Structures are given as structure tokens and as C-alpha cells.
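Just so you know, the protein sequences line up as chains A and B, in that order.
Residue numbering for the first sequence follows the numbering used here, beginning at 1 and increasing consecutively.
Residue numbering for the second sequence follows the numbering used here, beginning at 1 and increasing consecutively.
Keep in mind the hints are simulated off the structure, nothing from the lab.
Misleading hints may appear alongside valid ones.
Said to hold, decoys possible - In silico lysine to any residue, SDA-like type, Cα no more than 20 Å apart, as pairs: (1) A/K90 to B/N20; (2) B/K161 to B/I107; (3) A/K2 to A/A71; (4) B/K134 to A/P38; (5) B/K146 to A/K2; (6) B/K161 to A/G109.
These numbers were taken from a predicted model, which means no experiment stands behind them.
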Amino acid sequence: MKPYALFLGCTIPVRAQNYEISTRKVASALGLELIHIPNFTCCGYPISSLNEMTAEAMAARNLALAEKEGADICAICTACTGVLTEVGKKLAEDEKARAEINKRLKPAGLEYKGTVKVKHFARILHEEVGLKKIANAVTRQLKGLRIAPHYGCHYLKPHEIYEGFDSPEDPRTIDDIIAATGAESVSYMNKTRCCGGALLAVDENLALKITKEKLDQLKALNVDAIGLVCPFCSVMYESNQKKIETTFETSYNLPVLYLPQILGLAMGMDAKDLGFNMNRVKANAALQKAGINV
Amino acid sequence: MAEPIKIDKEALSFRDEVLNTPGGEHLLRCFACGTCTASCPVREVDENYNPRRIIRMTLLGMRDEVLRSDFIWHCSTCYTCSERCPQGVHLTSIMRALKNIAVREGIIPEAYRMQAKSIRAMGKIYEIEDFDNKKRARLGLPELEKKCPDLEAIIAQGELKDLK
Chain A
1 MKPYALFLGC
11 TIPVRAQNYE
21 ISTRKVASAL
31 GLELIHIPNF
41 TCCGYPISSL
51 NEMTAEAMAA
61 RNLALAEKEG
71 ADICAICTAC
81 TGVLTEVGKK
91 LAEDEKARAE
101 INKRLKPAGL
111 EYKGTVKVKH
121 FARILHEEVG
131 LKKIANAVTR
141 QLKGLRIAPH
151 YGCHYLKPHE
161 IYEGFDSPED
171 PRTIDDIIAA
181 TGAESVSYMN
191 KTRCCGGALL
201 AVDENLALKI
211 TKEKLDQLKA
221 LNVDAIGLVC
231 PFCSVMYESN
241 QKKIETTFET
251 SYNLPVLYLP
261 QILGLAMGMD
271 AKDLGFNMNR
281 VKANAALQKA
291 GINV
Chain B
1 MAEPIKIDKE
11 ALSFRDEVLN
21 TPGGEHLLRC
31 FACGTCTASC
41 PVREVDENYN
51 PRRIIRMTLL
61 GMRDEVLRSD
71 FIWHCSTCYT
81 CSERCPQGVH
91 LTSIMRALKN
101 IAVREGIIPE
111 AYRMQAKSIR
121 AMGKIYEIED
131 FDNKKRARLG
141 LPELEKKCPD
151 LEAIIAQGEL
161 KDLK
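Here chain A stands alone, though its shape is the one from the complex (with noise of 0.2 Å):
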């Protein structure tokens, strides 16, 4: 089987090393080889709204440097799969529009055939590792844990680019997987919204309020964390959450917890392995429900 390189983009390496942390201790003891490959760089997102075509050669490039060693990607930001699997998919089916490409990436001496495939690691998790499997490491049942999983938009959209391995307006992947750990996944009405990190650095106001839309739902449905797979949208429930309390004058004190960090507890593994340190709101009141004292 080809290994998957694990790409992390922009936000992670510096602002969710905890996320990255988590991840490489679960994909290791669920058998999963993760490749590392120092150059990758931005997905091209942000360059997207620029210039397309710019940004479609800086997902080529990252995709060729994976073809080069032989690798899939393995993608934790959301953003990231998104702009790397419909990319893929452009260039694995499209042959003028891969040669155009490689005219582009020439100067960077590289050239790409079309064959890496793009998933990102929940997905992974879902697909091939299988709720079976991930059942089976569960050692320490998060029982009494309340957790609303947070999909974020690009782990489910455009759905013409996911081969069907989730529904976008009725998601259930990552619901199963913290499921399978034994807390409560819990279900609420805006489950798909968007987190509003687009719009950060574009209109900071308006960013936080489609953010605290969310924080608000769940407040009053007293859940014990948000479950998720995306920094950014760490960015605006965590990161972000002090700044909208005193913005908007609320409170929520609601900790926000990457899907690998869940199920790595569930695992076995200690929370301090797993990063929850470096987690802003502290979990510890959380996990102390389900029996494990950080």
C-alpha cells in the first residue's frame, strides 16, 4: 500500500501543534504510515481568490512533490483537502489541463502525472482504517462525554469532489467515529454551518458573528466540547472564543478538541502526549466526566 504524506499547510506547523501531535500518535497506532516532506507549502487557498490559476500550480506542485516519493496525502485542514482533491481530480482526468499545469511547474523543475489521491484523515479513519478497527483500540470508554462534532465546509464541499464517502447537508462520518469512543456525538440544527474563518482577516466582526452563531447553539444544548478536523475553524471557535465573549459580552468557557485528540484518549494515550496543554480552553472539567483526570 502507498504511505500517505501528511500535509499541513499554513496554520498548523505554527498554531496547532496539538492537532498535528495527536494525529501522528493515533495514525501510528491504528498502523497508519505518515511520510513527512519538509517543502510542502500553502495549498494555494487564499490564492485562489486572487488568481485560479496561480493557485491551481501551487496545489500541483505540493501534488507532485507527493507523486515524487511514491505517497498519497493525508490532509487535516480542511481548506487543504478541499483545494488539493478538487485539483487532483482536475488534473488526474483532465490531460490539457494537466499540460498546462506542468508548464507551469517547469521552472520548479517538476512534472506531475495525475496519481496521487487526496483524503483527509477523518476520512482516512471512516474509509480505510474502519469504525471496526478504531472500535477495537478503544480502551477507556469516553463514557458521559457529550461532544457536537463540527464537520467544517470543505470536509464535505463541493460534494461532486468526494466520491460520495459522506453526505454534505446530513453528515454522519465524524459523528461515528466519536461515537465509536464512546461518548455522545450530539446532533444539533446547524451541524454544516460555517466556522466564518474565510472572513477573518477580510472583516474580523463579521467573521466572529457567523462563528458565535454556532457557540451560541451549543451553549444551550450544554454540550462538554466541540469535536473537529480543521485549524481554522479551531481558529474561530477556540482561538477566537475570549474575543467574541468580550465582544458580544457572553460566555461560553467551551473547549474545542480535535477529532485525533478525542480518540486518542479513548485510546489510552495521555492527554499531555496528545497536546491538550496547548489547548486555550482547558478540557480538564470535560474529561473529568468521563473519568480521566489531566
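Model the placement of chain B on the given structure of chain A, informed by the hints.
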């Protein structure tokens, strides 16, 4: 009272410009039902943002009003409208096409300009400093490259070559 909107040759040329920009191909399918606006998370918190209106303005040839507006930059790219559109209009892609055209006209929000500069200079939005690599090493995470000259070469020969 607002001036009547004249749909002349010039107005139609904007429509064609969008149709010919990657992502803008499905513009003419819109029958203005408003499913996009009803589904939009940005609209939910800001009633000035209205995807249906942006499409209508584009079809009516209001080039300057569209390209110089803040709202083309307020799409959160969540794809909800694209998923729900009964006519298969890829609104997220149309918004991207409109932004791309605005950039060709030299209109770029400062935040995007800064992101593009960082990406060109360092390969990523956020710089990997020695401090970050040291911290990563401490956490048992592999080192990352701080610069990426071959990506710079790719960007330098493309449409954004003057953005540095």
C-alpha cells in the same frame, strides 16, 4: 429614485467576461429563486450581503458596482449555495471569478495582498521561524523548510508576478 439600469453592449460585455473566467461558466442558468441567499451563513448575520443580488447585478452589467464592492470579498466559500442551487449554478466559483477579475483591475484587499506576499516569500501564510522549528523539535515534530524558492519561481511567472 434610482436611475434605470441600461443593458447595452457594454453591460453585456461584463456578463461575457464573467462567463469566460474560470468558475463563471454557469452564470446564465440563474433564474433568481434566492435559494442561495436563504442558505447563506453570511447573509444570516449581515443583510447587506446577498448572493442573488450579486448575480443579478452581474447579469445586468453593473461592472464597477460589483468589482468595487466589499461584498465580493465577503463570500465565506462554504459552498452551501452551490450545493443547494436548483439550477446547478456554482455560486462559490462565480464569486471567485468576480474576485479574480477585480484583482486584474488592481483591486485587492490589504489582507489578501499581505497573504500573497508571505506565500511568495516563504511558501506559507505564517512564517516558520527558528523559534517554531525549535519548538517543533521539542515536541518531537519534524523540521519544516523556512523558504521555498521553487514556489517563488512558479508564482513569478504567473498572473500575480507583480504582487510582491
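Hints, one by one, checked against the model:
With a C-alpha separation of about 18 Å, the suggested pairing of A/K90 with B/N20 holds against the 20 Å cut-off. A threshold of 20 Å between alpha carbons decides the hint, and for B/K161 with B/I107 the separation of about 15 Å falls inside it, so the pair holds. Distance hint between A/K2 and A/A71 is fulfilled; the C-alpha atoms sit about 6 Å from each other, no more than 20 Å. A C-alpha spacing of about 15 Å is found between B/K134 and A/P38, which places the hinted pair at or below 20 Å, so the restraint holds.
Pair hint B/K146 plus A/K2 does not hold up; C-alpha atoms about 28 Å apart against a cutoff of 20 Å. Taking the CA atoms of B/K161 and A/G109, the gap is about 19 Å. The hint holds against a cut of 20 Å.
When the structure is compared with the earlier hints, a violation turns up for hint 5 alone.
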